[in-house]
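Enquirer: Chain by chain, the residues:
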Amino acid sequence: MKRTIITLVSLALVVASSACERRGGGGGAGDGGPIKVGIYGDLSGQTSSFGQSTKNGALMAIEELNAAGGIGGRKIEYVIEDDQGQPAQAATVVTKLINQDRVHAILGEVASTNSLAAAPKAQEAKIPMITPSSTNPRVTQVGDYIFRVCFTDDFQGAVAAKFAANTLKAKRAAILGDFNSDYSKGMSQYFVQEFTGSGGQIVERQTYTQTDADFKGQLTAIRAANPDVIFVPGYYGQVGVIAKQAKELGIKAPLLGGDGWDAPQLWDLGGAALNGAYMVNHYSIDDPSPAIKKFVDAYRRRYGGTDPDAIAALAYDAMNVLADAIKRAGSTDPAKLRDAIAQTKGFAGVTGSISINENRDAVKPAVVFELRDRKFIYKETIQPSGGETAAAPAG
Amino acid sequence: MDTFVQQLINGLTIGSIYALIALGYTMVYGILRLINFAHGDVYMIGAFVGFFLAHGLGFAAEPSLVGLGVTLVGSMAAAAVIGMAIERFFYKPVRKYARMTTLITAIGVSLLIENLGVVIFGNAPRAFPSLVENKQYALFGRATIDSTQLLIFGVSVALMVLLEWIVYHTKVGTAMRAVSFNLNSAKLMGINTDAIIVFTFALGSALAAAGGVLTAQYNPTIYPLMGIITGLKAFVAAVLGGIGNIPGAVLGGLLIGAAETLVVGYGQLVGIPSTYRDAVAFAILILVLLFRPAGLLGTTVQEKV
Numbered sequence: 001m002k003r004t005i006i007t008l009v010s011l012a013l014v015v016a017s018s019a020c021e022r023r024g025g026g027g028g029a030g031d032g033g034p035i036k037v038g039i040y041g042d043l044s045g046q047t048s049s050f051g052q053s054t055k056n057g058a059l060m061a062i063e064e065l066n067a068a069g070g071i072g073g074r075k076i077e078y079v080i081e082d083d084q085g086q087p088a089q090a091a092t093v094v095t096k097l098i099n100q101d102r103v104h105a106i107l108g109e110v111a112s113t114n115s116l117a118a119a120p121k122a123q124e125a126k127i128p129m130i131t132p133s134s135t136n137p138r139v140t141q142v143g144d145y146i147f148r149v150c151f152t153d154d155f156q157g158a159v160a161a162k163f164a165a166n167t168l169k170a171k172r173a174a175i176l177g178d179f180n181s182d183y184s185k186g187m188s189q190y191f192v193q194e195f196t197g198s199g200g201q202i203v204e205r206q207t208y209t210q211t212d213a214d215f216k217g218q219l220t221a222i223r224a225a226n227p228d229v230i231f232v233p234g235y236y237g238q239v240g241v242i243a244k245q246a247k248e249l250g251i252k253a254p255l256l257g258g259d260g261w262d263a264p265q266l267w268d269l270g271g272a273a274l275n276g277a278y279m280v281n282h283y284s285i286d287d288p289s290p291a292i293k294k295f296v297d298a299y300r301r302r303y304g305g306t307d308p309d310a311i312a313a314l315a316y317d318a319m320n321v322l323a324d325a326i327k328r329a330g331s332t333d334p335a336k337l338r339d340a341i342a343q344t345k346g347f348a349g350v351t352g353s354i355s356i357n358e359n360r361d362a363v364k365p366a367v368v369f370e371l372r373d374r375k376f377i378y379k380e381t382i383q384p385s386g387g388e389t390a391a392a393p394a395g
Numbered sequence: 001m002d003t004f005v006q007q008l009i010n011g012l013t014i015g016s017i018y019a020l021i022a023l024g025y026t027m028v029y030g031i032l033r034l035i036n037f038a039h040g041d042v043y044m045i046g047a048f049v050g051f052f053l054a055h056g057l058g059f060a061a062e063p064s065l066v067g068l069g070v071t072l073v074g075s076m077a078a079a080a081v082i083g084m085a086i087e088r089f090f091y092k093p094v095r096k097y098a099r100m101t102t103l104i105t106a107i108g109v110s111l112l113i114e115n116l117g118v119v120i121f122g123n124a125p126r127a128f129p130s131l132v133e134n135k136q137y138a139l140f141g142r143a144t145i146d147s148t149q150l151l152i153f154g155v156s157v158a159l160m161v162l163l164e165w166i167v168y169h170t171k172v173g174t175a176m177r178a179v180s181f182n183l184n185s186a187k188l189m190g191i192n193t194d195a196i197i198v199f200t201f202a203l204g205s206a207l208a209a210a211g212g213v214l215t216a217q218y219n220p221t222i223y224p225l226m227g228i229i230t231g232l233k234a235f236v237a238a239v240l241g242g243i244g245n246i247p248g249a250v251l252g253g254l255l256i257g258a259a260e261t262l263v264v265g266y267g268q269l270v271g272i273p274s275t276y277r278d279a280v281a282f283a284i285l286i287l288v289l290l291f292r293p294a295g296l297l298g299t300t301v302q303e304k305v
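Just so you know, the sequences run in chain order A and B.
At position 275 of the first sequence the residue is numbered 275 (the working numbering), and the sequence of numbers has no breaks.
At position 197 of the second sequence the residue is numbered 197 (the working numbering), and the sequence of numbers has no breaks.
Pulled out of the complex, with its shape left as it was, chain A reads as follows (with noise of 0.2 Å):
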């Protein structure tokens, strides 16, 4: 039986694999020709809005850079790739994006372990990689040429903390996180050390796997344990299920989470049981400053309205980050290419400013929403450096 299991699932994923999608081409890799960028993420999978938004957000700063002339005269050339959500489908492609279409850098990808699948290849193969919004501290550990132009669960996962033990006033939390992600578990861990700290105490720990069908024996036994708010560190498939069966079961804490929400999809799964609960984020699209307003209404126009979420923003920023170090570089060598990218100081993107720190990792506020009837209404941002919150302006 269990041989029969091993069978159908690995045939199942040899069949299901290999769908790519490709632009541009020929491209020699030397310094004259195009800049090839190879962007890979999740487009048909599990998590497939945080691939379909990194390849909105990437694309359109593409676009924008070559309808100014490209980089040094230079025109970006993209191949995209799409791994399905599936760690060893993320190491296949970005060896084929090195190997097979020799690109110069890459972009990708969301969830943490898939980039953390990926990156090892882009190291040794000595190719600069980008992560737009993985969080995992361990990501950009893997070497010297992995970078990021988000905040890390470390920040993350306190920021969660803090405004749980200062904002909502809880004493008591549950945690329910994803088994096999490495975003859920560091952002467990995280708030853990952080809430614990402050004198908070953690009363159920409850683990669910992307294939479970039902939440409602974990949320069961959290009922039991009466917290004052449920930190779900999970990605939005699920936790738009286990917002649902929440509310079937009559709990009323509120349900607490990060950027792995993200996704439209989230209301569709949730709808009205999500109202009331708060989540962490890179950016407001509602945030007034020109710089977010002009992305913002830049991106509706290309997208036939649709909202960019901070995946497609933090892929814009990427994607820019890596065409100013190429011009400050003045060259698509790795070695120089990597150097100019880790060099990133006060780089204006839409989310922030972007300064790539010692460790590789950008170091940018957060933002705390309080989501209801499919809206993010922002409550207050987190910066860095300490505990000091700035207060919401209305609301």
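Hints may contain errors.
[As the list claims (entries may be wrong)] No farther apart than 35 Å at their CA atoms in a straight line, the calculated lysine-lysine pairs in the DSBU-like style are these:
id: 1; chain 1: A; residue 1: Lys126; chain 2: A; residue 2: Lys345
id: 2; chain 1: A; residue 1: Lys75; chain 2: A; residue 2: Lys293
id: 3; chain 1: A; residue 1: Lys336; chain 2: A; residue 2: Lys75
id: 4; chain 1: A; residue 1: Lys375; chain 2: B; residue 2: Lys96
id: 5; chain 1: B; residue 1: Lys171; chain 2: B; residue 2: Lys96
id: 6; chain 1: A; residue 1: Lys336; chain 2: A; residue 2: Lys169
id: 7; chain 1: B; residue 1: Lys171; chain 2: B; residue 2: Lys187
id: 8; chain 1: A; residue 1: Lys96; chain 2: A; residue 2: Lys126
id: 9; chain 1: A; residue 1: Lys171; chain 2: B; residue 2: Lys135
id: 10; chain 1: A; residue 1: Lys345; chain 2: A; residue 2: Lys185
id: 11; chain 1: A; residue 1: Lys185; chain 2: A; residue 2: Lys126
id: 12; chain 1: A; residue 1: Lys375; chain 2: A; residue 2: Lys293
id: 13; chain 1: B; residue 1: Lys187; chain 2: B; residue 2: Lys92
id: 14; chain 1: B; residue 1: Lys135; chain 2: A; residue 2: Lys185
id: 15; chain 1: B; residue 1: Lys135; chain 2: A; residue 2: Lys379
id: 16; chain 1: A; residue 1: Lys293; chain 2: A; residue 2: Lys345
id: 17; chain 1: B; residue 1: Lys135; chain 2: A; residue 2: Lys169
id: 18; chain 1: A; residue 1: Lys252; chain 2: B; residue 2: Lys135
Source of the hints: derived by calculation from the structure; they are not laboratory data.
Once you've looked at the hints, dock chain B against the given chain A.
Expert: Only chain B this time, still in chain A's reference frame:
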């Protein structure tokens, strides 16, 4: 105590779904001695047909019992047709060969349906609309039962009673039992065995589709590979109850559902994390095969050599 009762309700809810799917496994096995591995995928098809019906006929916008009924019956009918087609085009041509051939065919059909599903629908999960308004009813303490759970219990019991009636109180049911007892003798008695086999597939597939639509009311995420793990667990349920035995499939389904939910709820107390819920089903399978291969309600038939 209320938490335990709640977990039991949770477990029996998914257990009812496993039972509905397990019935299809067990009926087909009873008649053809074939483990129809594509059965879990018929469950998936049922959910998808329901999804398109609910959206196409506008039930998604306005939840009502009528909408649910139409969606449920529609997807059951569609799945029955698909089940019959699977039998006619894949299993019938290889029926005369060794049993291993049909088993491998079944695995092939399963993979075919799953990957066709990925090609046609895409692998990204879709959100199945809620067709009934969800209400909670307090039982005692903090234990509650909600309308979706009541719906799943109600529809499952109704379908099982209907199946019981078909199998034991109708002519076609008598024929099914005869074919199950001995296919060749049944044929000699003038029973159109081909028709009975097709009917069995239709019946089992319809039950699986009902399971698909009901699950989607509980957990709205549907995707082409959703039938793999649920199908396997329903298969384990059928084996646990005694494959080929109809009450056994129901009992097995409920037991597997309850067991995995109790693992989630109480496993941590004895050091088993909640994610071992799937492992529990397969551990049960191993134990059953080791100690009671005929299953809980199955009878051991001595084969003459």
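Enquirer: Take the hints in turn and mark each one as holding or not.
Expert: Each hint tested on the structure:
A distance of roughly 22 Å separates the Cα atoms of A:Lys126 and A:Lys345; the hinted pair therefore holds under the 35 Å criterion. Distance restraint check for A:Lys75 and A:Lys293: the Cα-Cα separation of roughly 27 Å lies within the 35 Å cut-off, and the hinted pair is therefore satisfied. With a CA separation close to 19 Å, the supplied pair A:Lys336 and A:Lys75 stays within the 35 Å bound. In summary, the hint linking A:Lys375 to B:Lys96 is not supported, as the alpha carbons are separated by about 60 Å, beyond the 35 Å threshold.
In summary, the hint linking B:Lys171 to B:Lys96 is supported, as the alpha carbons are separated by about 26 Å, within the 35 Å threshold. For the hint linking A:Lys336 to A:Lys169, the alpha-carbon distance of about 49 Å lies beyond 35 Å, and the restraint is violated. This hinted pair checks out: B:Lys171 and B:Lys187 have alpha carbons roughly 15 Å apart, not beyond 35 Å. This hinted pair checks out: A:Lys96 and A:Lys126 have alpha carbons roughly 14 Å apart, not beyond 35 Å.
The hinted pair formed by A:Lys171 and B:Lys135 meets the criterion: a straight-line CA distance of about 30 Å does not exceed 35 Å. For the hint linking A:Lys345 to A:Lys185, the alpha-carbon distance of about 30 Å falls within 35 Å, and the restraint holds. At most 35 Å may separate the alpha-carbon atoms for a hinted pair to count; A:Lys185 and A:Lys126 meet this at roughly 28 Å. For a cut-off of 35 Å, the pair hint linking A:Lys375 to A:Lys293 stands: about 17 Å separates their Cα positions.
Of the supplied pair hints, the one linking B:Lys187 and B:Lys92 holds, its CA atoms being roughly 16 Å apart against a limit of 35 Å. Taking the CA atoms of B:Lys135 and A:Lys185, the gap is near 34 Å; set against the 35 Å cutoff, the hint holds. Using a Cα cut-off of 35 Å, the hinted pair B:Lys135 and A:Lys379 holds, with the two alpha carbons roughly 31 Å apart. Between A:Lys293 and A:Lys345, the direct Cα distance comes to roughly 23 Å. Compliance with the 35 Å bound is thereby established for this hinted pair.
Taking the CA atoms of B:Lys135 and A:Lys169, the gap is near 30 Å; set against the 35 Å cutoff, the hint holds. Distance hint between A:Lys252 and B:Lys135 is fulfilled; the C-alpha atoms sit about 15 Å from each other, no more than 35 Å.
Checked against the numbered hints given earlier, this structure breaks hints 4 and 6; the rest are met.
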